[in-house]
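A.B. asks: Chains as they are written, first to last, in this note's numbering: chain A, -19 to 346; chain B, -19 to 346; chain C, -19 to 346.
What the hints contain is simulated information worked out from the structure, not anything from laboratory work. By construction, the Cβ of each residue, glycine as well, lies at the ideal position given by its N, Cα and C atoms. Among the hints, a few may not be true.
[As the list claims (entries may be wrong)] Quick list of in silico lysine to aspartate or glutamate cross-link-like pairs, DMTMM-like style, CA-CA up to 25 Å:
id, chain 1, residue 1, chain 2, residue 2
1, B, K212, B, E161
2, A, K212, C, D192
3, C, K212, A, E(-18)
4, C, K212, A, D153
5, B, K212, A, E151
6, C, K212, B, E161
7, C, K212, B, D207
8, A, K212, B, D220
9, C, K212, B, D153
10, A, K212, C, D133
11, B, K212, C, E168
12, B, K212, A, D205
13, B, K212, C, D153
14, B, K212, B, D179
15, B, K212, A, E161
[To be verified] Sample of chain B residues lacking proximity to chain C, with all beta carbon distances greater than 12 Å (derived):
id, residue
16, S(-10)
17, T16
18, P23
19, S27
20, D30
21, S32
22, L57
23, G77
24, T80
25, D119
26, G120
27, L208
28, A266
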Amino acid sequence: MEPLLPCVSSSPLVDHHCHGVLGVDLDRDGFESNLTEASSVSPLGTSLFDSSLGLAVRRWCAPLLDLPSLAPAVEYLARRRSLGAAEVNRAFLSASGISTFLVDAGAWPEGFQAPSVFTGSRELSVLRLERLAEDVVPDGASGFPARAREALDSTTAVAAKSIAAYRVGLELDPARPSDREVVSAADEWLTSGSSRFADEVISRFLVWEALDRGLPVQFHVGYGDADLSLHKCDPLLLTDLLRATAPLGVPIMLLHNYPFHRHAGYLAQVFPHVFVDVGLATHSVAHQAGRVLGEALEIVPFGKFLFSTDAFALAELYYLGALFFRRALSDFLSTGLRRHAFGLSDAERIAHLIGWQNAHRAYRLE
Amino acid sequence: MEPLLPCVSSSPLVDHHCHGVLGVDLDRDGFESNLTEASSVSPLGTSLFDSSLGLAVRRWCAPLLDLPSLAPAVEYLARRRSLGAAEVNRAFLSASGISTFLVDAGAWPEGFQAPSVFTGSRELSVLRLERLAEDVVPDGASGFPARAREALDSTTAVAAKSIAAYRVGLELDPARPSDREVVSAADEWLTSGSSRFADEVISRFLVWEALDRGLPVQFHVGYGDADLSLHKCDPLLLTDLLRATAPLGVPIMLLHNYPFHRHAGYLAQVFPHVFVDVGLATHSVAHQAGRVLGEALEIVPFGKFLFSTDAFALAELYYLGALFFRRALSDFLSTGLRRHAFGLSDAERIAHLIGWQNAHRAYRLE
Amino acid sequence: MEPLLPCVSSSPLVDHHCHGVLGVDLDRDGFESNLTEASSVSPLGTSLFDSSLGLAVRRWCAPLLDLPSLAPAVEYLARRRSLGAAEVNRAFLSASGISTFLVDAGAWPEGFQAPSVFTGSRELSVLRLERLAEDVVPDGASGFPARAREALDSTTAVAAKSIAAYRVGLELDPARPSDREVVSAADEWLTSGSSRFADEVISRFLVWEALDRGLPVQFHVGYGDADLSLHKCDPLLLTDLLRATAPLGVPIMLLHNYPFHRHAGYLAQVFPHVFVDVGLATHSVAHQAGRVLGEALEIVPFGKFLFSTDAFALAELYYLGALFFRRALSDFLSTGLRRHAFGLSDAERIAHLIGWQNAHRAYRLE
């Protein structure tokens, strides 16, 4: 393997979308069920260590726990438990070299901790819109729009996050809903007795209200667990909403996007406020991340692409997300240099734009 | 070219989905119309030998007929005819090195023969669900559900196959249909006077009944001839049905999948009973199979991927399907080894899982 | 970089779909807004020179203006203005080496000129169907079908072009509309007061009438500016219309297709009258064109693939379109030769089929 380009290895990394890390030890089933988007190990398949990501854990993470590279899964997990979650989390998070975390605290199971606890990095929060709605709806439907707006007014988050993909899919109507429609939707939700909503009007309302306040909105797009229907998570389904919200001039971030990352690149090119990444996919495809990143960078302007890990629960995922991102970006730039497609100063500019400058500009981090 | 990795060249291959081979000699038009998914040669295009697959026949198949590599098409076809179908079939089928064939006998034109006739390999049968329905429907609509169930109860096939993709597309309702609905659909079919049905209720009924009996169900997905509408054959359209059938714990195999093979990989990762392959695409893309296989293996667990040729009529297709599959798998593994993504024992494990072990486990072949 | 294969560098190139070139000098905003499909530079992104295409302009175009390779954008633009549009256009268009242009004059802003003015190449015209309709509709709805037919009867164009993708998307009903339906649609259009129509019946009528006269029809497919909704521009949405028009035996050309180029390849394989290209995408993805072309050529018969630049306004785009097409085709063929997938005479045949012979046959250029 070629060494990383110095401009890639030395660039700060802003992880503009990740989650909390689990501060509790895990048995094998617990580890595997957090590894991929499968909710558990299938008796019809084999271990989830039989995957690109599983191999990457054994290959790249084992040495950080003082095991030989490619140590067997059983030894890896035993070592992980003997060190304890705190030490494991510290090892991987500090090795990730991530300088700033934007953390979505919307799903925060018992035992979760902030990633910055283990690194001293800067940490900023992302407000999960569905969580906000679920927090303020119990006080009644009629006051729901006002309470949601108050919560948005007082947030210290640097961005909002929508998981409309999981609730209703991404084919959102572009129109801003009226308060009457929102109250009626909230009323239906309360009547249903469910703590969770799956309502297109409410999803849409929250997105518009966040953008009105200048809050960049992140959308889960593409690949995720079996709770979503992937064909309803193609970023192109957001086209009408993107067209309608462009005049606001507030960034919209399309997260993950795999396997629709080329679709996302198109949206980032033609809509002035759209940014994209290939989070989650980077560590999932592991040693093949170079091809996925290359595809994602075909037509996207380099001023519109971001880095994220989408790491959740396992500290390994922050580390591997950053490692495979750097490797893929370095390979993309090295290939371009070898083909004389651009020069070293261009490569350096691209590495810094994507590594941190685009995030700083879009989220106004300074 | 690098030699194949020994673990790939020495692994047995279970072809978990193929068809019969034509035991009759062919003229040029007959050969070309069986070569690709085009039903005939277009006067607006050129010969179908002007394709990746056509070149592969001249490059790889000609030497097995004692012709120079890349012999002209006209010489190849003359030599093929002079040897006779029996000798040609024996040559290619034995050279394929396929140890077990799972044969879909649902389309079996005059002159077709079982591939194992020419090799002595193990052969197992796959029950075409549409064929079963067409066999039992003439005795009347009211008894149709019962007769279909009896036929399934008495089958010796190791799997069932659905070509819903060709009849109604893959957006199947997830609900198990009631017998009343099935009888009504059968009645409409009989009234139509057609021997062929295109009815979503019947397709769905047959799939549920096969799964109820523990019979793995293969679905044609993606790429095929002009009779299907490819946008209705995206595997993601099966999402609701996959979600509904997961609790049965019976494998569902998504065949071919090209150009939606990444979508299929996602389904195989998140649904415990889903397996995938790139069947037909392997020989169709020929020397570019490495990229397609690489994409297909990005996020799929290695315990959920299978080998198939989908060969039909031409003996060359079994041979080329196996040849390009081995080449692509070897290149995938060699690249991983070169990048230190995994070790040799990992590569060996993956080669055997994909080559035969996954098929043995999913179809309970031992 | 390897040199181009001689068969690629020496083959004539027929650009079967391009537009006019701007004969007027441009400031930086004017240049950037014509560079990609973004309508303007976003204050949230950076310069559009931060893109694969922007880098390609600095890398490959600067030397033709006697600047060092990778000269800064500001110097490039200053030099461009000091030379003047006429000299710049002559430099790039003659360097493109394109021997024949098929020019869509449907969008022809003030200051546009024919590309052949600068090269002396052969130039043939493509009739924009929407423009034809907009020209003849003002004389009244009842005579609209007859006037549209007369205009088609008298055209000297070698092909027609449909931008249904931009107006109504590509999910066109396959049925030939009746004159009554067309008159009613024209009437609605005239009543609306708009000079532009977005009517599926009229789009469809025009396509059928062009095909009836033996005029090949080009469809904009896939990638374009923010006026279209990309998910409505998947070529698979044309399937029913392609099935219905196949018996006419008149070519249909699917242009661009990115990121659905594999879908287009399938259509070109199974429908006898369908041809495809990757037009616009070639210069847009620039140094990564090899992968996109490789994917596009996976299953398409080599007798059904064409070259086009889709260049519009900037002379650089004809040059870069031809340059990256030749580079990508040469790399595709060299890789095949290196893998012994075919021989040199096969490579030569493919280069000439795709470079010009397919266009000559499909458009009857001799």
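A.B. asks: Take the C-alpha atoms of B:K212 and A:E151, compute the straight-line distance between them, and say whether it is at most 25 Å.
C.D. replies: Satisfied, since the Cα-Cα distance of roughly 19 Å is no more than 25 Å.
A.B. asks: Taking 12 Å as the cut and beta carbons as the points, is B:L208 off the interface with chain C?
C.D. replies: Non-interface label fails for B:L208: nearest chain C Cβ at 9 Å, not farther than 12 Å.
A.B. asks: Compare the distance between the alpha carbons of C:K212 and A:D153 with 25 Å, and conclude whether the hinted pair is satisfied.
C.D. replies: Roughly 16 Å between the alpha carbons, so the hint for C:K212 and A:D153 holds.
A.B. asks: Confirm or reject: B:S27 is not an interface residue toward chain C, with every Cβ-Cβ distance exceeding 12 Å.
C.D. replies: Nearest chain C Cβ is 7 Å from B:S27, so the label is violated.
A.B. asks: Is the nearest Cβ of chain C still more than 12 Å from the Cβ of B:S(-10)?
C.D. replies: About 22 Å separates B:S(-10) from the closest Cβ of chain C, which puts it past 12 Å; holds.
A.B. asks: Check the hint pairing B:K212 with B:D179 against an upper bound of 25 Å on the C-alpha distance.
C.D. replies: holds, 14 Å
A.B. asks: Take a quick look at whether B:K212 and C:D153 sit within 25 Å of each other, Cα to Cα.
C.D. replies: holds, 16 Å
A.B. asks: Has the given pair, C:K212 with B:D153, been kept, meaning a C-alpha gap of at most 25 Å?
C.D. replies: This hinted pair holds, its Cα atoms lying about 24 Å apart.
A.B. asks: Since B:G120 was said not to touch the interface, does its Cβ keep a gap of more than 12 Å from each Cβ of chain C?
C.D. replies: holds, 34 Å
A.B. asks: Examine each Cβ of chain C, and state whether all of them lie more than 12 Å from the Cβ of B:P23.
C.D. replies: violated, 7 Å
A.B. asks: Is the Cβ of B:S32 more than 12 Å away from each Cβ in chain C?
C.D. replies: violated, 7 Å
A.B. asks: Would the least Cβ to Cβ distance between B:D119 and chain C come out above 12 Å?
C.D. replies: The claim holds: B:D119 sits with its nearest Cβ about 34 Å from chain C, beyond 12 Å.
Figure legend: structure checked against the earlier numbered hints; hints not met, in rising order: 2, 3, 6, 10, 11, 15, 17, 18, 19, 20, 21, 27, 28.
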